[in-house]
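Chains as they are written, first to last, in the working numbering: chain A, 1 to 123; chain B, 124 to 270.
Quick caveat, the hints were computed from the structure, so don't treat them as lab data. Just so you know, even glycine gets a beta-carbon here, dropped at the ideal spot from N, CA and C. Careful: at least some of the hints might be erroneous.
[Stated by the list, open to error] Under the rule of at most 27 Å between Cα atoms (straight-line distance), these lysine-lysine pairs were calculated in the DSS-like manner: (1) A:116 to A:66; (2) A:58 to A:43; (3) B:130 to A:106; (4) B:155 to A:58; (5) A:66 to A:120; (6) A:116 to A:106.
[Unchecked claim] If you want the footprint, here are the derived chain A segments under chain B, 3+ residues with CB under 8 Å: (7) 6 to 13; (8) 51 to 59; (9) 99 to 110; (10) 114 to 120.
[As the list claims (entries may be wrong)] Facing chain A, a subset of chain B residues (Cβ under 10 Å, in silico): (11) 125; (12) 127; (13) 131; (14) 135; (15) 137; (16) 152; (17) 165; (18) 167; (19) 168; (20) 176; (21) 178; (22) 181; (23) 184.
Residues per chain, in single letters:
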Amino acid sequence: MARVLIVDDASFMRQMIREIIEPEGHEVVGEATNGIEAVDLYKELMPDLVTMDIVMPKRSGIDAVKMILTDHPTACIVMCSALGQETLVMEAFSAGARDFIVKPFKPDSVVSTLAKVIEKTSD
Amino acid sequence: MALDMAKYRRIFLEEGLDHLGEISHALFDLEKEMASSEAIDTLFRMAHSLKSMAASLGYDTIAELAHRMEDRMEGIRAGGRVRGHQELALLFRSLEMLEAMLAAVGNEQAVPSADEDLLRCLAEDPPSERASEDDVPNRVGGEPKKA
Chain A
1 MARVLIVDDA SFMRQMIREI IEPEGHEVVG EATNGIEAVD LYKELMPDLV TMDIVMPKRS
61 GIDAVKMILT DHPTACIVMC SALGQETLVM EAFSAGARDF IVKPFKPDSV VSTLAKVIEK
121 TSD
Chain B
124 MALDMAKYRR IFLEEGLDHL GEISHALFDL EKEMASSEAI DTLFRMAHSL KSMAASLGYD
184 TIAELAHRME DRMEGIRAGG RVRGHQELAL LFRSLEMLEA MLAAVGNEQA VPSADEDLLR
244 CLAEDPPSER ASEDDVPNRV GGEPKKA
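Could you put the whole structure together from the sequences, leaning on the hints where they help?
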């Protein structure tokens with residue numbers, strides 16, 4: 001089970017991810033609403049895993065991924081993308097993001113993707 | 124796994140109405156300055172967020188309109204400015220339609236479809252009209268709503 005930081009500017013999406021992953025035993029240790037908060041909270045909380053939205057105010061999810069991974073190369077980050085954001089997801093992968101989940105979220109898919117990423121990370 | 128969709132419908136209404144308020148403010152900002160990058164970014168993000176929330180709840184007509192608006196804003200962002208008053212009026216029409224759609228959600232009525240002409244205009248190339256320093260704002264709405 002993982003300590004998770006959820007990053008999304010929409011409360012709707014943050015609550016949905018929380019409701020999907022907490023029953024699986026994951027602990028949500030923090031929530032950030034933009035890329036600046038995400039970088040700050042990552043340093044403070046050192047979560048096992050981050051779910052990262054892409055389109056956010058102040059600093060995008062892509063820029064936040066790059067900043068987190070520059071300072072913490074082993075950070076485990078899963079992107080939350082929408083249809084049509086394939087190019088941005090590829091950019092996040094190039095920066096070191098591990099996987100992605102697609103909005104609208106399918107609970108089973110979110111759970112299995114996070115489980116796969118956590119399993120790979122613990123190998 | 125079953126999520127409490129009634130709860131998310133409530134959150135969607137609250138957050139969605141906030142988003143419409145932000146869209147309204149951004150559009151009025153664009154009336155004054157058609158190259159306002161902050162207003163353009165806000166419109167793009169709000170449309171994107173509405174699309175994702177609506178799709179999560181199965182409000183396909185809202186998601187479709189928000190998606191078209193997001194795509195339009197992506198083009199505007201790439202060009203650095205709204206390309207004239209026709210395009211601005213189109214965005215105001217989109218806002219009015221989204222307001223009607225969210226009102227229907229709030230009243231637990233069937234969500235209307237966006238009219239085909241609006242969807243077609245959003246998908247079309249922008250009009251050739253160019254904004255200039257001499258442009259007189261062509262206000263199509265009232266005062267911006269409180270976010």
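A quick look at each hint next to the structure:
1. As the CA atoms of residue 116 (chain A) and residue 66 (chain A) are separated by approximately 22 Å, the hinted pair is consistent with the 27 Å bound.
2. For the proposed pair residue 58 (chain A) and residue 43 (chain A), the alpha carbon gap of about 18 Å is at most 27 Å, so the pair holds.
3. Between residue 130 (chain B) and residue 106 (chain A) the alpha-carbon distance is near 17 Å, which keeps this suggested pair within the 27 Å criterion.
4. With a C-alpha separation of about 23 Å, the suggested pairing of residue 155 (chain B) with residue 58 (chain A) holds against the 27 Å cut-off.
5. Restraint check: the Cα-Cα separation between residue 66 (chain A) and residue 120 (chain A) comes to about 21 Å, which is no more than 27 Å; the hinted pair holds.
6. For the suggested pair residue 116 (chain A) and residue 106 (chain A), the alpha carbons sit about 15 Å apart, so the restraint of at most 27 Å is met.
7. Coverage of the region 6 to 13 of chain A by chain B holds. Counting CB-CB distances below 8 Å, 5 residues qualify, and the rule asks for three or more.
8. Chain B is given as covering the region 51 to 59 of chain A, and this holds because 3 residues of the stretch bring a CB closer than 8 Å to a CB of that chain, at least three being needed.
9. As drawn, the region 99 to 110 of chain A meets chain B at 5 residues by the rule of a beta-carbon pair under 8 Å; at three or more, the given contact holds.
10. Residues of the region 114 to 120 of chain A lying with their CB closer than 8 Å to a CB of chain B number 0, which falls below the three-residue condition for coverage.
11. With its C-beta approaching chain A no nearer than about 8 Å, residue 125 (chain B) sits inside the 10 Å limit, and its interface hint holds.
12. A least Cβ separation of about 8 Å between residue 127 (chain B) and chain A falls short of the 10 Å threshold, and the interface hint therefore holds.
13. Hint on residue 131 (chain B) holds. Least Cβ distance to chain A is approximately 6 Å, under the 10 Å limit.
14. Using the Cβ-Cβ criterion of 10 Å, the hint placing residue 135 (chain B) at the interface with chain A is satisfied: the shortest such distance is roughly 6 Å.
15. Annotation: residue 137 (chain B) was flagged as interfacial toward chain A, and the flag holds, the nearest CB pair being 8 Å apart, inside 10 Å.
16. Nearest Cβ of chain A to the Cβ of residue 152 (chain B): about 15 Å, over the 10 Å cut. The hint is violated.
17. Annotation: interface hint on residue 165 (chain B) holds; nearest CB of chain A at approximately 8 Å, less than 10 Å.
18. Interface hint status for residue 167 (chain B): upheld, as the beta-carbon distance to the closest one in chain A is roughly 7 Å, under 10 Å.
19. Among the interface hints, the one on residue 168 (chain B) holds; its C-beta lies about 5 Å from the nearest C-beta in chain A, closer than the 10 Å criterion.
20. A distance limit of 10 Å between C-beta atoms decides the matter here; for residue 176 (chain B) the minimum to chain A is near 5 Å, and the interface restraint holds.
21. For residue 178 (chain B), the shortest C-beta to C-beta distance to chain A is roughly 4 Å, which falls under 10 Å, so the interface hint holds.
22. Interface hint status for residue 181 (chain B): upheld, as the beta-carbon distance to the closest one in chain A is roughly 8 Å, under 10 Å.
23. With a least beta-carbon distance of about 15 Å to chain A, the hint placing residue 184 (chain B) at the interface is violated under the 10 Å criterion.
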